[in-house]
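Single-letter residue listing:
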Amino acid sequence: MNPPFALVSIAFLLATPAAAEKILLADNREVLSNWQQSAGTPQTAELVKQDDGGTRIEWKGGVTLDRYNNRATGGTLLNPALNGNFYKAQVQGDLRATAPDGNLTYLQVSGTHSDDRALQRYPLLLQSAQMGWAGDGYQVALGDVAPDFSTLGTSLGMRGVLAQKQFGQSVVSASAGTLVPTWNSLADAAKRTQFLRNVVAAKFDMPVGSATRAFISFQSYADDPATLDRGLSSLAPASGRTGTVGFVHQREQLTVTGEAGFSLWTESGQSGLRDHAYLLDASYNGQGYNLRGGHHNLGVYYTSLAAQAAPGIVETYLGGNWLAVPWLTLQGDARRSENSAGDGTRVNATTTDSASLSQTIAFGANWPGLGLVLNQSLSAGKNADASDNRNSGYGAALNYAQPIWNTALGYNVRKVENEASPTADGQTGTWNFLLGRAFSDDLTNPTWRADLQFSVGMQDQQLDIGDSTRTIQYAFGAAASRVGWGSLNASVTLGKVKPTGGGADLHNRETMLEASHPFKNGNTVKVYARESRLFSGDPALENGTRSIGAQLALVF
Amino acid sequence: MIRNILTVAALLTASPCLHAVDNLPDLGARVVEERAAESSPTTSTPTPVIQTPIADLAEAQKAQAELQALIRAYETGNINDLQSRLDPAMIGYQRFVDGVIRDNNLLKQLRVHLFDTQVLAGPDVAVIQTGWEKRFLSLAGFQPGLFAGRSTFLLHRDKDQWKIAAFAGDNLFASQSGVLAQLTASPAVFTAPAGGCVVCPTISITLLDPDLAGQGTVAVELISSQNDRESPTLTATTPGRFIGTINTLIDNGQPIAIGSGVVDINSNPALLPVSITVRYRDQNPGSNRPPSYVSQTLRAVP
Numbered sequence: 001m002n003p004p005f006a007l008v009s010i011a012f013l014l015a016t017p018a019a020a021e022k023i024l025l026a027d028n029r030e031v032l033s034n035w036q037q038s039a040g041t042p043q044t045a046e047l048v049k050q051d052d053g054g055t056r057i058e059w060k061g062g063v064t065l066d067r068y069n070n071r072a073t074g075g076t077l078l079n080p081a082l083n084g085n086f087y088k089a090q091v092q093g094d095l096r097a098t099a100p101d102g103n104l105t106y107l108q109v110s111g112t113h114s115d116d117r118a119l120q121r122y123p124l125l126l127q128s129a130q131m132g133w134a135g136d137g138y139q140v141a142l143g144d145v146a147p148d149f150s151t152l153g154t155s156l157g158m159r160g161v162l163a164q165k166q167f168g169q170s171v172v173s174a175s176a177g178t179l180v181p182t183w184n185s186l187a188d189a190a191k192r193t194q195f196l197r198n199v200v201a202a203k204f205d206m207p208v209g210s211a212t213r214a215f216i217s218f219q220s221y222a223d224d225p226a227t228l229d230r231g232l233s234s235l236a237p238a239s240g241r242t243g244t245v246g247f248v249h250q251r252e253q254l255t256v257t258g259e260a261g262f263s264l265w266t267e268s269g270q271s272g273l274r275d276h277a278y279l280l281d282a283s284y285n286g287q288g289y290n291l292r293g294g295h296h297n298l299g300v301y302y303t304s305l306a307a308q309a310a311p312g313i314v315e316t317y318l319g320g321n322w323l324a325v326p327w328l329t330l331q332g333d334a335r336r337s338e339n340s341a342g343d344g345t346r347v348n349a350t351t352t353d354s355a356s357l358s359q360t361i362a363f364g365a366n367w368p369g370l371g372l373v374l375n376q377s378l379s380a381g382k383n384a385d386a387s388d389n390r391n392s393g394y395g396a397a398l399n400y401a402q403p404i405w406n407t408a409l410g411y412n413v414r415k416v417e418n419e420a421s422p423t424a425d426g427q428t429g430t431w432n433f434l435l436g437r438a439f440s441d442d443l444t445n446p447t448w449r450a451d452l453q454f455s456v457g458m459q460d461q462q463l464d465i466g467d468s469t470r471t472i473q474y475a476f477g478a479a480a481s482r483v484g485w486g487s488l489n490a491s492v493t494l495g496k497v498k499p500t501g502g503g504a505d506l507h508n509r510e511t512m513l514e515a516s517h518p519f520k521n522g523n524t525v526k527v528y529a530r531e532s533r534l535f536s537g538d539p540a541l542e543n544g545t546r547s548i549g550a551q552l553a554l555v556f
Numbered sequence: 001m002i003r004n005i006l007t008v009a010a011l012l013t014a015s016p017c018l019h020a021v022d023n024l025p026d027l028g029a030r031v032v033e034e035r036a037a038e039s040s041p042t043t044s045t046p047t048p049v050i051q052t053p054i055a056d057l058a059e060a061q062k063a064q065a066e067l068q069a070l071i072r073a074y075e076t077g078n079i080n081d082l083q084s085r086l087d088p089a090m091i092g093y094q095r096f097v098d099g100v101i102r103d104n105n106l107l108k109q110l111r112v113h114l115f116d117t118q119v120l121a122g123p124d125v126a127v128i129q130t131g132w133e134k135r136f137l138s139l140a141g142f143q144p145g146l147f148a149g150r151s152t153f154l155l156h157r158d159k160d161q162w163k164i165a166a167f168a169g170d171n172l173f174a175s176q177s178g179v180l181a182q183l184t185a186s187p188a189v190f191t192a193p194a195g196g197c198v199v200c201p202t203i204s205i206t207l208l209d210p211d212l213a214g215q216g217t218v219a220v221e222l223i224s225s226q227n228d229r230e231s232p233t234l235t236a237t238t239p240g241r242f243i244g245t246i247n248t249l250i251d252n253g254q255p256i257a258i259g260s261g262v263v264d265i266n267s268n269p270a271l272l273p274v275s276i277t278v279r280y281r282d283q284n285p286g287s288n289r290p291p292s293y294v295s296q297t298l299r300a301v302p
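Chains as they are written, first to last, in my numbering: chain W, 1 to 556; chain H, 1 to 302.
Hints listed in this document are in silico derivations from the structure and should not be mistaken for laboratory results.
A quick note: this is a predicted structure, and the numbers were derived from the prediction, not measured.
For each residue, glycine too, the CB sits at the ideal point set by N, CA and C.
A couple of the hints might just be wrong.
Below, a sample of chain H positions facing chain W; criterion: calculated Cβ distance under 7 Å [as the list claims (entries may be wrong)]:
id	residue
1	ARG85
2	LEU106
3	LEU110
4	VAL112
5	LEU120
6	ALA148
7	GLY149
8	LEU154
9	ASN284
10	PRO290
Quick look at which bits of chain W chain H covers, simulated, 3 or more residues with Cβ under 8 Å [said to hold, decoys possible]:
id	stretch
11	422 to 436
12	445 to 451
Here chain W stands alone, though its shape is the one from the complex (with noise of 0.2 Å):
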């Protein structure tokens, strides 16, 4: 099926009701439902149509409706949440078109239509757009779409398109779009806060021998002025190409993984600043034990197209797992990291060596269920004027996990020094319990369950000049479900904090209680109530929401 002609006939089999008509219910859909309901969460429906060699058409869709009500107290610097009543309409849709000869044409729509400006600023907001035709050695896709070409060259969502195609064992790849928040506000300049930053990235990837591929990469991107009036950003518009090439090795348990880039960043009214950017990473999987090791140096001006490519950073480490006996796994990380955007700053660290350790201990078949973890770590750092930015850290957590019982306890000690802001210096422990029990006819092939946990955790904060504060946190909660009725959720948290320099406690309560019943092929419908209280004691502080509202969830 070629893509336009599988693209028309979604679009007729989605407006035509006779089209519908023949679309035949699974057979096993009856036993399905039922497995959902043992599963405890709600399973799509699945509409196939597979005449003898024709397209089968999959189509699977959601709906949720909320109706809530919230009261909110305490202004908005302290509390997100608004008052009043409010609903939220959730639909989304996976519309797929698989051609006898393995040609896929999709549709894939989720959005939300809301109220409630707290969950969302617009009354309709698309979360995500896709389609696309994918066949042998190629593929199209439209709408959002993540093209994740390389480290440093491209990696990131955006609203464009992106194309691939393969030619032997080598792939060409492109992508052109926009990089913008929302879809409202590609859809409307009166919500845009940024320019439109208008991207288009390239990449030729091939094999080297068997088990090596190379790839080059291109890519620019320009925010358009146009597209955000005069004085709404704080920031001048800016453009940047980049060029990269690198390789993926991968032999056995080896992999590496290698890339160079060159970039020219340009700000509106300034001359444009050349960086560079390369990186090795590679990981080894042995019997018994994982080596990972690499280097970056990105530089300071260096930009791209890609999430992970942080200007300013270079860093070398090495790490790993080793299972040293049967009942000690030992895991490692130690590593040198510079950070240029630290510069200029007088409380980040622009050099830090780091090392952590971690200790899992397994108390073996006399002790099932039991385990010990100790974990030690250490980061040293050089603030931009030479003084001490430092940060260390051990704890141990000893746990039981059993189908029955579960508990573990917990204790970590964190202490921070940094003599550019030394108010703040100190040491923190931190304690935690926890004790869980289940109850059920059968743990394996459970009709019923219900589930017991109590926890506690308590937080000391000393600072070295003296002041202290103290957090503890109680919390009990219960949760019960049985095939065909549903599950019912409840929990209760209280707690107190001690502010520093003295004063009041501040109380904190937490309630939550929710129950869902299923009903056939996989819908719900639920009630919840919640309320939070935070901080009652100070009435500067003081703030709460409760919530009380329905839902209902079909699938179809």
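Given the coordinates of chain W, work out where chain H should sit on it, guided by the hints.
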């Protein structure tokens, strides 16, 4: 063994009970399982040339759940759990981890609110774009504070688990990893009387740069179109929030003295209006953007 570590971390941070949130139905979970089975350890064949173009809708929910778990670890200060969810090869790994530790030391009662969240999940790459607000109480004095920004999270699928590979936009978790500073100055427009003024306007400046949380002061620049240049110092009120003022001196024929500590404005009508640009060099503005000036322009009119 590694799974044991994660189990312990999860147990220590677990919510007291399982509870269903308002997610859409779990579409296509079987496909997730099938894909997990497909992603067996790598063979000697290099990276696949063209992959399946589209992921199941359930993958988007799994990716979003991973981000939520990371946020919970950040809010509760569980550094070990947070580290276990990162790719050790992430560029800027240590800067990120140290930033999280510093945030948890300086900012108490952290609460993150996401809005306008959009998730795009491919077979092996997922992208989450979201607006965020981060509320906290400052360690010193327990003063409430609010940071806001927009982030893009890049996740890579590692067998059946999504792992955070990179953060773009404003970094939600580790302030020093890059958040675009917000600079505001007022009044945006003020009058420069030809005959001078008895009480001349004062320019108020507020800078919000979470990357500088913990720093006591910061300097900004003022540059006027009459060639005055001043560098007032702003003082931190809560972590990352700095405020300051600078006076103006307005008169007809007022001499311009660079670095005098006041903004000199010659109110000769022939030389008006005067534009005054307040700017701040953000060393790490986020979005993987090189150091850039953030600026706002004021105007003195006849």
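Do the hints match the structure? See the list:
1. ARG85: This interface hint is violated because 15 Å lies over the 7 Å limit.
2. LEU106: Given a least distance of 5 Å, the restraint on H:LEU106 holds.
3. LEU110: violated, 11 Å
4. VAL112: violated, 10 Å
5. LEU120: holds, 4 Å
6. ALA148: With a closest approach of 10 Å, the H:ALA148 hint is violated.
7. GLY149: violated, 11 Å
8. LEU154: With a minimum Cβ separation of about 4 Å from chain W (threshold 7 Å), the hint on H:LEU154 holds.
9. ASN284: Hint holds; H:ASN284 Cβ to chain W Cβ min 4 Å, cut 7 Å.
10. PRO290: With a minimum Cβ separation of about 4 Å from chain W (threshold 7 Å), the hint on H:PRO290 holds.
11. 422 to 436: Since 7 is at least three, the answer is holds.
12. 445 to 451: violated (count 1)
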